[in-house]
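Chain by chain, the residues:
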Amino acid sequence: MVKETYLHDKHVALGAKMVDFAGWHMPVQYSSIIEEHRTVREALGIFDVSHMGEVFVSGKDATAFLNKIVPQDITKLAYEKAVYCQLTKSDGGLIDDLIIYKIGIENYLVICNASRIDEDLNWLVRNKRGLDVKIDNQSHNYSLLAVQGPKAINLMKKMGYDLEEQKSFTIKPAVIEGIKLLASRTGYTGEDGFELLVENEFSEFLWDKILEEGQEFGIKPIGLGARDTLRLEAALHLYGNDLDETTTPIEAGLSWSVPKDKKADYNGKEVIMNQLQNGTDRKLIGLIMLDKNIARHGYDIYFNGEKVGQVTSGCVSPSTGKNIALGYVKNLAEICTGATVQVMIREKLHDAQVVKRPFIEKRNRV
Amino acid sequence: MGFKDEMLCSNTHEYIVKQGEEYVIGLTDYAVDQLGDIVFLELPEEGSEFKKGETFANIESVKAASEIYMPIGGTITAVNNELVDTPEKLNEDCYENGWLIKIKSDSFDIDKSDLLTYENYKKELE
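Chains as they are written, first to last, in numbering that gives the first Met the number 0: chain A, 0 to 365; chain B, 0 to 125.
Incorrect hints may appear among the rest.
Partner residues are not named here, just some residues of chain B that face chain A (Cβ under 7 Å, in silico) [as the list claims (entries may be wrong)]: (1) 35; (2) 36; (3) 38; (4) 39; (5) 59; (6) 61; (7) 64; (8) 103.
Over the 12 Å line for every Cβ pair with chain B, so calculated as not near, a few chain A residues [to be verified]: (9) 136; (10) 159; (11) 256; (12) 282; (13) 302.
Listed next, the in silico EDC-like pairs over lysine to aspartate or glutamate satisfying Cα-Cα at most 20 Å (straight line) [stated by the list, open to error]: (14) A:291 x B:28; (15) A:179 x A:163; (16) A:59 x A:90; (17) A:9 x A:163; (18) A:16 x B:108; (19) A:291 x B:84; (20) A:347 x B:44; (21) A:262 x A:90; (22) B:51 x B:20; (23) A:347 x B:91; (24) A:306 x A:350; (25) A:156 x A:212; (26) A:291 x B:108; (27) B:122 x B:32; (28) A:67 x A:269; (29) B:50 x B:108; (30) A:347 x B:41; (31) A:259 x A:90; (32) A:16 x B:87; (33) A:171 x A:198; (34) A:16 x B:28; (35) A:291 x B:87; (36) A:321 x B:87; (37) A:321 x B:41; (38) B:88 x A:34; (39) A:321 x B:84; (40) A:347 x B:53.
No wet-lab data here; the hints were simulated from the structure. Ideal Cβ positions, reconstructed from N, Cα and C, are used throughout, including at glycine.
All chains should be modelled from the sequences, with the hints used to inform the complete structure.
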């Protein structure tokens, strides 16, 4: 059965086009993807991302446990800080990518992809053998609202939330409009913004309140369609497109999230460290199409007449008007920034230029 | 106006309307609404021939790529090239200015058998 978030009826009442996504009936757009996209880049948007998974990990060995299953060094994660990481297998492939928040002593919040929650939970349970850890999936009890855009900070201040202390990639308990929640300065758009984790029963009130208070900042509800174009412009990976069980963090261009000096062992460390040192067979690249054609997931990439890889995500970038894409190619030195490759679109090759990622300047570094 | 009263629609959401000796072909408002923001359109060359059901054009919205099929067979006599340069205009009007191609057809009487009036097409969608 398709699941509905607590805010489902709000989306329908707002006239959203609804689609099935990862087992959830979600709004893909309310008005227009391009218009919603621009609203987030220029002002403020609110997203219902309650389909995402929330898993609390606690117990005497919680830190040691998490440290064993991700490349990031969780022993170095400070209280109320967040870190982007991946659940790696022994061959370096990825079960999922996630954000881990330290919310107490031996107490963590893990936010993961809706499409992978079952695999994640299974993986966590399999890896906790012999450790004193409690894995508590609270996904069904919490709603997650994201407010994103340059005006997000104005909205939060207006709603009485003091931000002086809260930097990017931190999480704090907060009371907003009398509702207790966890406010995290994170997002999936490349803009500054907050993700608000709230118990289901307060989500409708909070959603309405944010839309009301955000009016003066030009707030709009934003669907999954614009969420995808926003994240792709920021070159943020989407699990299932750009990451899967065959891609390693190094191939995916996520070396920045793999510390070289981590002492503890973790799943896939040997493969990942070897790739860090000796390179990989393939690599993720950013592309801009040189004509009007759009590269889409699954299209083949060619270089000098040879098939060298595949597009994993592609769309029109509403901010730049260019057609952008991410894809994996053979790790050839010639396929570097500025090089021209071809994408096979409807049985014809179309030129594309290899460019640096992200495709826009990210503004979420605070 | 009167466009919607005169046109026939296919179950793949193309419309066709007779205009003099030619037939005008485009996408229904339902199809355009479902696609969302249209960002790419590729139309065939004038003079090319297509059978009923063949792909004659490609269209992409922000979300996805789709094909457009011939509701009847025929030879292309005109192509709306202005729309190729500004595909987003299809979101505003898919009928008067948003037509895609014009064709000459000898097989209209045979090919029209499974096409629906706009009224019946809308009913089918409900």
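Outcome of the hint check:
no. : hint          : result
1   : 35            : holds (6 Å)
2   : 36            : holds (5 Å)
3   : 38            : holds (5 Å)
4   : 39            : holds (6 Å)
5   : 59            : holds (5 Å)
6   : 61            : holds (4 Å)
7   : 64            : holds (6 Å)
8   : 103           : violated (26 Å)
9   : 136           : holds (31 Å)
10  : 159           : holds (36 Å)
11  : 256           : holds (29 Å)
12  : 282           : holds (26 Å)
13  : 302           : holds (23 Å)
14  : A:291 x B:28  : violated (24 Å)
15  : A:179 x A:163 : holds (19 Å)
16  : A:59 x A:90   : violated (28 Å)
17  : A:9 x A:163   : violated (32 Å)
18  : A:16 x B:108  : violated (37 Å)
19  : A:291 x B:84  : holds (10 Å)
20  : A:347 x B:44  : holds (16 Å)
21  : A:262 x A:90  : holds (19 Å)
22  : B:51 x B:20   : holds (18 Å)
23  : A:347 x B:91  : violated (30 Å)
24  : A:306 x A:350 : holds (14 Å)
25  : A:156 x A:212 : holds (11 Å)
26  : A:291 x B:108 : violated (37 Å)
27  : B:122 x B:32  : holds (17 Å)
28  : A:67 x A:269  : holds (13 Å)
29  : B:50 x B:108  : holds (14 Å)
30  : A:347 x B:41  : holds (13 Å)
31  : A:259 x A:90  : holds (18 Å)
32  : A:16 x B:87   : holds (19 Å)
33  : A:171 x A:198 : holds (15 Å)
34  : A:16 x B:28   : holds (15 Å)
35  : A:291 x B:87  : holds (13 Å)
36  : A:321 x B:87  : holds (15 Å)
37  : A:321 x B:41  : holds (17 Å)
38  : B:88 x A:34   : holds (15 Å)
39  : A:321 x B:84  : holds (14 Å)
40  : A:347 x B:53  : holds (19 Å)
Hints 8, 14, 16, 17, 18, 23, 26 from the earlier list are contradicted by this structure; the remaining hints agree with it.
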